[in-house]
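Numbered as in UniProt numbering, the sequence shown ends at 382 without a single skipped number.
It cannot be assumed that every hint is accurate.
Unchecked claim - Cut-off 20 Å, straight-line C-alpha distance, at most; resulting in silico cross-link-like pairs (EDC-like, lysine to aspartate or glutamate): (1) K161 with D197; (2) K204 with D247; (3) K204 with D150; (4) K204 with E153; (5) K161 with E134; (6) K204 with D380.
Stated by the list, open to error - Pairwise CB distance ranges (calculated): (7) D83 with G322: 16 to 24 Å; (8) R89 with T244: 57 to 65 Å; (9) P235 with G326: 33 to 41 Å; (10) N316 with E275: 18 to 26 Å; (11) T244 with V109: 23 to 31 Å; (12) P267 with R293: 21 to 29 Å; (13) H277 with T363: 34 to 42 Å; (14) G152 with G326: 18 to 26 Å.
Since the hints were made in silico from the structure, they are not lab data. No residue lacks a Cβ here, since even glycine has one placed at the ideal position from N, Cα and C.
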Amino acid sequence: MRRSVVPRRCAPRRLRRTGALLAALCATAGLVTGTASAEVAGAVVGRVWFDRDGDGARDPEEPGRAGVVVHALGVLAFRTTTDVNGEFRVPHLPVGEYRLTAESEGYEVIGAREVVVQVGAEPVDVGFAQRGGEISGYGWWDSSGSGAFDSGEGVVAATWKIAGFSDYEGWVSRQVSAPGQYAFRDLPAGVYRVEVDGPGWPTKYRADKDMRNSDVLGVPPSTVPIRVAEGQRYPYVSAGFTGTRRDVELTRGIRTCLDQEHPGGSPTNRVGAWECHGGANQRWALHWLGLDRVAVVNAATGDCLDQETPAGAPTNVVGAWGCNGGSNQKWVIGSSAYDRPELLVNAASGMCLDHEHPTGTPTNRVGAWWCSGAVNQEWDIR
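Using the sequences plus the hints, can you model the full thing?
Structure representation (structure tokens):
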């Protein structure tokens, strides 16, 4: 005869003989179902840990993963949760075969997802290796101003902050102060942004597109959002610092820059795409407003990039107007992959910043149009 037993006051008094044994399982492992007359003899102990080097063996510096639900199916079905050290123990189990799994959503599984054990008189020891994502890098003083970490340049101390939404665990935020190199390890899959508080202004942004470059920009200095897949690593997310503030250009290729138009030297509210000349009206400061939103502020005028919405109705016109905090002046920044050109999507309309090509030939006009995936809606930041 099969009976179900749940924690504490779940067993009627007439089952006292078997109830004492199963109550121990209730208290230890949560929901338990099985045969009341089964022989109680063994135990399962184990751990879930972050296998940072991916070798399937737990090293002393590899921490356990707390709060993981472990499931088993066999003579009894049970589940339990790992403690702060990533360990679990289920005593008083009937002899027999059990199949164990540990929940792993958001993490890479190293080795087998399911472990089959034969429980007998001696405790059975099992382990589940999982690997989280990692973002790491270093800060340095860019004395050459090149935007790349050159020979002879020294690392600097900085405070690094990471924050973002994980796919399964909600909001994640951490902070570390590091004398040079830093690392955020064991991250669940999700989208994150890394801010840094260092000794100066950020240097040129991604000057040479390799591992030695600087990956932060804006106010405060920050990376663009980074999508971290299960177990994915970004080992060179770094920041160079200088003593001079440097705003960025938003370019199409290497020749055309986003430009607050100044015909005759007088600023207007018009924004276009014109040949890059290094003027302040072609430089923009990105002010971070959240995980993936920025205000794009012109360095010459202090005006904000604005999808014009007269009377509250969005148009396709993009201009530069006094910053007012409106959602039509907020832009969601992102790309198809890290180190790729960015899209700027208006937070109010969902339309993309677009270098207009109405007949396939580029114009000097910039507008906001439905996102199409075309290259004229991709912007390099430099």
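Structure-based check of all given hints:
no.	hint	result
1	K161 with D197	holds (8 Å)
2	K204 with D247	holds (9 Å)
3	K204 with D150	holds (13 Å)
4	K204 with E153	holds (15 Å)
5	K161 with E134	holds (13 Å)
6	K204 with D380	holds (13 Å)
7	D83 with G322: 16 to 24 Å	violated (56 Å)
8	R89 with T244: 57 to 65 Å	holds (59 Å)
9	P235 with G326: 33 to 41 Å	holds (39 Å)
10	N316 with E275: 18 to 26 Å	holds (23 Å)
11	T244 with V109: 23 to 31 Å	violated (48 Å)
12	P267 with R293: 21 to 29 Å	holds (25 Å)
13	H277 with T363: 34 to 42 Å	violated (18 Å)
14	G152 with G326: 18 to 26 Å	violated (47 Å)
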